[in-house]
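Asks: If you want the building blocks of each chain, they are given just below.
There are 4 protein chains.
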Amino acid sequence: MKKYSLDSRKVEQATNEWLQKRGVERSDIAELVMYLQQGYYSDLTLEECLASVDKVLAKREVQNAVLTGIQLDLLADQGQLFSPLQDMIENDEGLYGCDEVLALSIVNVYGSIGFTNFGYLDKVKPGIIGKLNEKGGPMIHTFLDDIVGAIAASAASSIAHNKQKVAEERNSQGTASADESK
Amino acid sequence: MKKYSLDSRKVEQATNEWLQKRGVERSDIAELVMYLQQGYYSDLTLEECLASVDKVLAKREVQNAVLTGIQLDLLADQGQLFSPLQDMIENDEGLYGCDEVLALSIVNVYGSIGFTNFGYLDKVKPGIIGKLNEKGGPMIHTFLDDIVGAIAASAASSIAHNKQKVAEERNSQGTASADESK
Amino acid sequence: MKKYSLDSRKVEQATNEWLQKRGVERSDIAELVMYLQQGYYSDLTLEECLASVDKVLAKREVQNAVLTGIQLDLLADQGQLFSPLQDMIENDEGLYGCDEVLALSIVNVYGSIGFTNFGYLDKVKPGIIGKLNEKGGPMIHTFLDDIVGAIAASAASSIAHNKQKVAEERNSQGTASADESK
Amino acid sequence: MKKYSLDSRKVEQATNEWLQKRGVERSDIAELVMYLQQGYYSDLTLEECLASVDKVLAKREVQNAVLTGIQLDLLADQGQLFSPLQDMIENDEGLYGCDEVLALSIVNVYGSIGFTNFGYLDKVKPGIIGKLNEKGGPMIHTFLDDIVGAIAASAASSIAHNKQKVAEERNSQGTASADESK
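Protein sequence lines correspond, in order, to chains A, B, C and D.
For reference, each letter of the first sequence is one residue, going 1 to 182 in my numbering.
For reference, each letter of the second sequence is one residue, going 1 to 182 in my numbering.
For reference, each letter of the third sequence is one residue, going 1 to 182 in my numbering.
For reference, each letter of the fourth sequence is one residue, going 1 to 182 in my numbering.
Since the hints were made in silico from the structure, they are not lab data.
You may find that some hints are simply not true.
The list treats identical chains as interchangeable, and a pair is accepted whether it falls inside one copy or across any two copies.
Said to hold, decoys possible - The calculated DSSO-like cross-link candidates involving lysine-lysine, where the alpha carbons are at most 30 Å apart (straight line), are:
id	residue 1	residue 2
1	K163	K125
2	K163	K55
3	K163	K135
4	K10	K21
5	K163	K123
6	K135	K123
7	K21	K131
8	K135	K21
9	K165	K135
10	K10	K55
11	K10	K165
12	K131	K55
13	K123	K10
14	K125	K21
So here's chain A without its partners, still in its complex pose (with noise of 0.2 Å):
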């Protein structure tokens, strides 16, 4: 018997697949995360923004969200869930809520200032997260487009904290030591 051993790069590969498959390119996310901090940063470029996508994708925690999430949404496609589970995630079911839980737990790894901009996208449904939305294609994206939102907030918070950073050292003129890496 082969005993089981983790390979984180093959956790990454699969969510980096996944997501394609489910028709989310990286560059639809830095979208949603343009959307949201434009309005604050007049500078910000969108590889700027895809660089936060990528950062936030390389964690695990939000691995193991993204991959459980497509895989409950993959099996309902196929009607393999039992009932009445099927039907909730099927018919995207206002009192579950299952996926917002997972996408919270990508939300929380940037910490709490990402809850908003999570809703606003949830709510809003702008660009891929509409996308996502509509009813009627041969996916069920039920958990996929909290997840999309989730990995947006999520970036758009570690984008915040980067631009405080920049700022503190441009005032200091160079003197100041700020390593916080998130």
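Add chains B, C and D to chain A, keeping to what the hints say.
Replies: Okay, now just chains B, C and D, sitting in the frame of chain A:
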């Protein structure tokens, strides 16, 4: 020496009094609930919203968060917090998230379906939340605006649960024994 | 095409049936509650503990988490999850925390005072939790052991609230109007 | 009027100073980490534990929670909170859970695998947590004991992530590109 003995009525009373002293009426919160839910339930009345707010405010967990948050706002008004906490709360500093943390403990009591509404209110700032956020007044509301949003989001969740129960009872023509009391 | 219509009774029924099918009786959970609380309330009975467990299990938020967790355990039993999620859940991998995340959504419903008991049960693994954790059986319980601990911790919180209410009513010789229904 | 400008170094400095003033050395927290993790990693050193504690304490989210919690303890010492919050915090009242709520926001930063350790420490109260919990001293530590437990639990999570990374790099004889920086 007198032994400590909790009096729950005092906790509830203090919660209601402090909300009023800080400029928040229960009807203000009920209006936020109406704002959130009227698109979903055309027959929703302000009385139902108010009853739902009252139910949320009757929970000890919620009372604890309200009192703790208002206490911190009040001490910030009076300049009695130590540095740099005084500055962070006085200025509703973007990287300070303990206000969201306390608020989320309120939302959690009625379950994850409230996260979205909480984030949305915090971003859009309708009604009383907008008023609390106006800078320049004599009072600091760094905690209270999030707390009010959290109470409204919880009350909205509670209404969603109740409406479902009523709909099911109607469907089963009174034969259902749905007794989920939330 | 039939319109989706939630039936709450079916959700509750499925929750109870699946707990049993996976080897967990309500009395097993009641014994965990007794284990947690008997040091604080010498007059606590197993009936009270059982009633408290029933109250927790009547909440939709809790039912959703139970069903979702058991579904993932069940699919892991059958080897039907995609790689590497299958391996992580099958081996109750140390860096995989979605089981704790789902469980915490149960604890949250009865408030933060349950966190401690949840963590303690998960570490000490008394009674049914220990049995669920025994490796080598035919069933995988990566999610279920945390869920059972969360239900017990929530029921313990509920008892703490009730005992306080009773104590206050006794103190006020029946004149109190404490109506905090949790 | 002077414009507010955050200085992150001041926030970090204040965090470290206040922990010391309230009787908590970083080495005390490192010993809790050792207590939690030595059963899993026989080669774990106190230096590693200390480095892990330092990393946790460098996070803004953590600093915010530490300062807010200590501020409330301090005001309770001085009797400056309003009633009944003063009584609840002074007596570490069983139904008051805002201390756990703040502490959990620390644990969340290193992900859900820390919940268990947090709960366990809070129940068993080893080392410095036991000392902080001794009643009768001049200082109230209602918030601080939970916060110290949360920092230790987070540092333990961080070690678990690091040890996994090291193990994988060894397995792949240096060919792995595991760069998960947590």
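Asks: All the hints need checking, so say for each whether the structure fits it.
Replies: Status of the hints after comparison with the structure:
1. K163 x K125: Cα proximity of K163 and K125: in one copy and across copies (26 Å, 25 Å).
2. K163 x K55: For K163 and K55, both the intra-copy (15 Å) and inter-copy (20 Å) Cα distances are at most 30 Å.
3. K163 x K135: between (38 Å within a copy, 24 Å between copies)
4. K10 x K21: within (16 Å within a copy, 33 Å between copies)
5. K163 x K123: Classified as both: same-chain Cα gap 26 Å, cross-chain 20 Å, threshold 30 Å.
6. K135 x K123: both (16 Å within a copy, 26 Å between copies)
7. K21 x K131: within (15 Å within a copy, 39 Å between copies)
8. K135 x K21: Classified as within; 18 Å inside a copy, 34 Å across copies.
9. K165 x K135: For K165 and K135, only the inter-copy Cα distance (25 Å) is at most 30 Å; the intra-copy one is 42 Å.
10. K10 x K55: both (17 Å within a copy, 26 Å between copies)
11. K10 x K165: between (33 Å within a copy, 13 Å between copies)
12. K131 x K55: The answer is within: 24 Å in one copy meets 30 Å, while 37 Å across copies does not.
13. K123 x K10: Between copies only: 29 Å across, 33 Å inside.
14. K125 x K21: within (21 Å within a copy, 37 Å between copies)
The structure fails none of the hints (numbered hints given earlier).
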